[in-house]
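Just so you know, the sequences run in chain order A and B. Per the numbering used here, the very first residue in the first sequence carries number 1; after that it's consecutive. Per the numbering used here, the very first residue in the second sequence carries number 1; after that it's consecutive.
Be aware that a few hints might be false.
Same chains, same label: a pair holds when it works inside one copy or across any pair of copies.
List time: in silico SDA-like cross-link candidates among lysine to any residue, alpha-carbon distance up to 20 angstroms [what the hints assert, rightly or not]:
hint, residue 1, residue 2
1, 179, 130
2, 341, 256
3, 179, 119
4, 134, 271
5, 136, 275
6, 341, 254
7, 179, 251
Source of the hints: derived by calculation from the structure; they are not laboratory data.
2 protein chains.
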Amino acid sequence: MSTGNGRLAAAGAGIILRLLRESGAATIAELMDRSGLSRSAVSHRLEVLLERDLVTNGEGSSTGGRPPSLFEFNSKAGVVLVGGLGATHSRIAVMDLSGAVIVERAFDLDISDGPEAVLGWVEDQFGQLLRTAKSKSEDVRGIGIGIPAPVEAASGKPVSPPIMPGWDGYAIPERLGRKWAVPVLVDNDVNVMALGEQRAHYPDIADLLFVKVGTGIGCGIVAAGQVLRGADGSAGDIGHVPIAQAAGIPCSCGNAGCLEAVASGSAMAQRLRAEGLETQNARDVVRLVRAGDVRAIALVRESGRLIGEALASAVNLFNPRVIVVGGDIAQADQHLLPGIKEFIYQRSLALSTQHLRIVRSRLNDRAEIAGAATMVIDHILLPEVVDRVILA
Amino acid sequence: MSTGNGRLAAAGAGIILRLLRESGAATIAELMDRSGLSRSAVSHRLEVLLERDLVTNGEGSSTGGRPPSLFEFNSKAGVVLVGGLGATHSRIAVMDLSGAVIVERAFDLDISDGPEAVLGWVEDQFGQLLRTAKSKSEDVRGIGIGIPAPVEAASGKPVSPPIMPGWDGYAIPERLGRKWAVPVLVDNDVNVMALGEQRAHYPDIADLLFVKVGTGIGCGIVAAGQVLRGADGSAGDIGHVPIAQAAGIPCSCGNAGCLEAVASGSAMAQRLRAEGLETQNARDVVRLVRAGDVRAIALVRESGRLIGEALASAVNLFNPRVIVVGGDIAQADQHLLPGIKEFIYQRSLALSTQHLRIVRSRLNDRAEIAGAATMVIDHILLPEVVDRVILA
């Protein structure tokens, strides 16, 4: 085992990069200490990373004599392209390798136009954003996409998506990989939001649920620090959990008594329409709540209690430390959260609720692109991926 | 970075041991290929493992010339002590490092006697079993224990155990570590059963639920190949999930409408007692079912439908590939499983049930000790633990 072995040096480089990402700037002595590697091994790996511009080299402070060299992860060494595709609205961005937004854009986009049209357009938009960001195609290190559907994790393909006609089994990574030959990661929108919120605001919390209350109701799960996807990518489907308060009420899924049938933005909009109000969707409901409409406020409060019933089961089953409530209806959080809290604290076990916090999303509309960035950056900076792909 | 560096050699030894456990016997050339290490590095690490008796050396086959040396993980290099402690019954065993039972014993034990009495007795029993197994105290490499309580994973302490008076916060690892200075791992009984069943019979399935239907009802979760414990060690508490079919019925937890209040072995025994039958516990219920008692059979069938309602939510939330049903009542599986299946296939999303299997436990009474062995063996043979503890 010699220092000059290129393969081993590359293998070590990814680990050194991880140490620098985790701990910030460090000297060679600190890196030797943390990695257990010899001075020559650390130096050789740093050379490899410096050559690829993944690490920068500056001067540290010293108590006397020449200050030691200080090495730091260079988050400007490339960019990632990220997107959060929704049924009717989407948001895309170019971010650096720390997940900081360089340029971002939100727009209306009908996902039912199908994958060729939508992804062709997304590709064009990414191209424009890259020019705005003054980045080149060669700077793109990875792509991360959230979509409103179950996703097969290994392939990044949508699986039986209920609201994405034409997308079932479509190979999104291959399509976007045509223009940029980089890793393309795709996951369910709520999974990605859960990851985004957890990393940005609860980095020390390993168990978190993110509940999105919008047109439908979905739940992203971070358990033991990892996004939980389930065997078919459909974990977290809280919208079709049967709840006692909805017994007998028919749902679009064919069953009755599902949470989504009574507590979602579209269910509320429909009930308000039946009362003669002009509500097409979740945003209209929020608009009415903001205008002080007592019927809309009462509905959102009731929705909170219904969601609380389904979440009481989820709390017993997952034992999360934090529940983050997001989605359009969360903009009426002062009316939505009390019912959720009431039911959970009443119905879940004391052991599971004693340290539980139930909060509104802080990332809001940006949760999905933040999470998509985390997903792809975490992947491309995995030590083994750094060694294999980035240093190739 | 030189081959002669003892710290680095030890670091590599654990990884070589893992390769041998995963793939069976291998030659130096195969180990070089799989580890990416040089011949001298592999040889040096093998020497370290051979010295500690963790690896054996035999002759492979050859197409000509001298056959190459074949190295193999030595599962007889030590033993683990494992126990599954229940409210009234317990089972303990001495196993080798492959998890094969050398000697095992089941006995009645009242866990409410408290930790000092119970663990003192368990310690004595372990001593006797070791003598029967003709093993010495120095051969003990680790201890794995399952208990009927939430457990703080890091410390192995029971957390607010409802049926273990005197055990709250008791440091089980410290107590058992007094006699054997080895890693002691403790986890919730159903978590351990889920792990045991998954490793023994579903090694290629990463997402599995184990539902124990006995005196109470609990659920162990394996998600993405790992036991899911939650933030307070209370994940999988399906017994207190509110279900519509039990609306209004009071539960011992203080709430009403919990699954356990209507579908557990003790709830069934109580209802049969109210009809004048001699049923103290879950086993009595099973005895009546076997004797063909129509009231007991009807109750178990109803219990299946109730459990199915709670599991329908769990299937939507976790999207498991396999649900294993164990515990005393599972001995009446021909009456219990139909109701469970009926409700889940009717109430859960098609995507989550299309590949789902719902089966009876195959390990039965041994699920807990098998899982406890897996838990402790997996831990002590982690590369970093091998390097730090076993090779110390």
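Structure-based check of each hint:
no.: 1; hint: 179 / 130; in the structure: within (13 angstroms within a copy, 65 angstroms between copies)
no.: 2; hint: 341 / 256; in the structure: between (25 angstroms within a copy, 18 angstroms between copies)
no.: 3; hint: 179 / 119; in the structure: within (11 angstroms within a copy, 64 angstroms between copies)
no.: 4; hint: 134 / 271; in the structure: neither (48 angstroms within a copy, 74 angstroms between copies)
no.: 5; hint: 136 / 275; in the structure: neither (54 angstroms within a copy, 79 angstroms between copies)
no.: 6; hint: 341 / 254; in the structure: between (29 angstroms within a copy, 18 angstroms between copies)
no.: 7; hint: 179 / 251; in the structure: neither (41 angstroms within a copy, 60 angstroms between copies)
Of the numbered hints stated above, those contradicted by the structure are hints 4, 5, 7, listed in ascending order.
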